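All chains, full assembly: derive it from the sequences and hints.
Taking my numbering, the leading residue of the sequence shown gets 81, the next gets one more, and so forth.
A few of these clues could be false.
[Stated by the list, open to error] Now the in silico label distances, taken between C-beta atoms and shown as ranges:
#, residue 1, residue 2, range
1, Ala109, Thr158, 49 to 55 Å
2, Ala170, Ala203, 18 to 24 Å
3, Met102, Gly213, 55 to 61 Å
4, Ser199, Ile99, 37 to 43 Å
5, Ala154, Ala115, 45 to 51 Å
6, Val104, Ser200, 28 to 34 Å
7, Ile107, Ala186, 52 to 58 Å
8, Ala203, Ala140, 25 to 31 Å
9, Ser196, Asn223, 17 to 23 Å
10, Thr181, Val113, 51 to 57 Å
11, Ser199, Asn223, 15 to 21 Å
FYI, nobody ran anything at the bench for these hints, they're computed from the structure. Bear in mind the structure is a predicted one, so any value in this text is a computation, not a measurement. Even glycine gets a Cβ: it sits at the ideal position worked out from N, Cα and C.
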Amino acid sequence: MASKLACRRARSAWGFTLIELMIVAAIVAILAVLAYPSYVQYIVRSNRAAAESFMQEVAAAQERFLLDNRAYAADLATLQYASSVPASVAANYQFSFSAVTTAPPAYTLNAVPTGSQASSDSACGTLGLSNTGNKTASGVASNCWK
81 MASKLACRRA RSAWGFTLIE LMIVAAIVAI LAVLAYPSYV QYIVRSNRAA AESFMQEVAA
141 AQERFLLDNR AYAADLATLQ YASSVPASVA ANYQFSFSAV TTAPPAYTLN AVPTGSQASS
201 DSACGTLGLS NTGNKTASGV ASNCWK
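Now the structure itself:
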């Protein structure tokens, strides 16, 4: 009889206790709290890098346009870039462009963050690129351009 009772106890002890499950849940929650802000910053930096890359591409197109026409293009449509903004960049940045046609010609390209990028990237804010290669940011961070 004693062996049957010991056998029943051994069978009923199968599985996880509530304390073990709560410890695992606490560990997962701590890891999530630590990892999520890093993930958000990774996404912000990735979106900013995509916008910077597109701005460099437009700057190269402007220089080619200058060589052919002796003036910078007045807008992105003239460069045929108005409709070719990558979807991932267009979802996070609005581009504005200003060109000076007087001598010497000049331009400034600005990328204004929109949506979640605007609220998450307050350190850099609006990115700017001029014909002289001057790279600016409206935020306080000094390492916005990589």
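Against the structure, the hints:
1. Roughly 53 Å separates the CB atoms of Ala109 and Thr158, a value that falls within the hinted 49 to 55 Å.
2. Hint check: Ala170 to Ala203, Cβ distance near 22 Å, so the stated range 18 to 24 Å holds.
3. Restraint check, Met102 to Gly213: a C-beta distance of roughly 57 Å satisfies the suggested window 55 to 61 Å.
4. Ser199 and Ile99 have their C-beta atoms about 40 Å apart, which keeps the hinted 37 to 43 Å range intact.
5. Distance hint for Ala154 and Ala115: a CB-CB separation of about 46 Å, consistent with the stated range 45 to 51 Å.
6. As the Cβ distance of Val104 to Ser200 is approximately 31 Å, the hint placing it in 28 to 34 Å holds.
7. Ile107 and Ala186 have their C-beta atoms about 57 Å apart, which keeps the hinted 52 to 58 Å range intact.
8. Taken as a hint, the range 25 to 31 Å holds for the pair Ala203 and Ala140, whose Cβ atoms sit roughly 27 Å apart.
9. The beta-carbon spacing between Ser196 and Asn223, approximately 21 Å, falls within the hinted interval of 17 to 23 Å.
10. The hinted window of 51 to 57 Å between Thr181 and Val113 holds, with their beta carbons roughly 54 Å apart.
11. Between Ser199 and Asn223 the beta carbons are some 20 Å apart, a value that agrees with the proposed interval 15 to 21 Å.
Comparing the model with each earlier hint shows no violations; every hint is respected.
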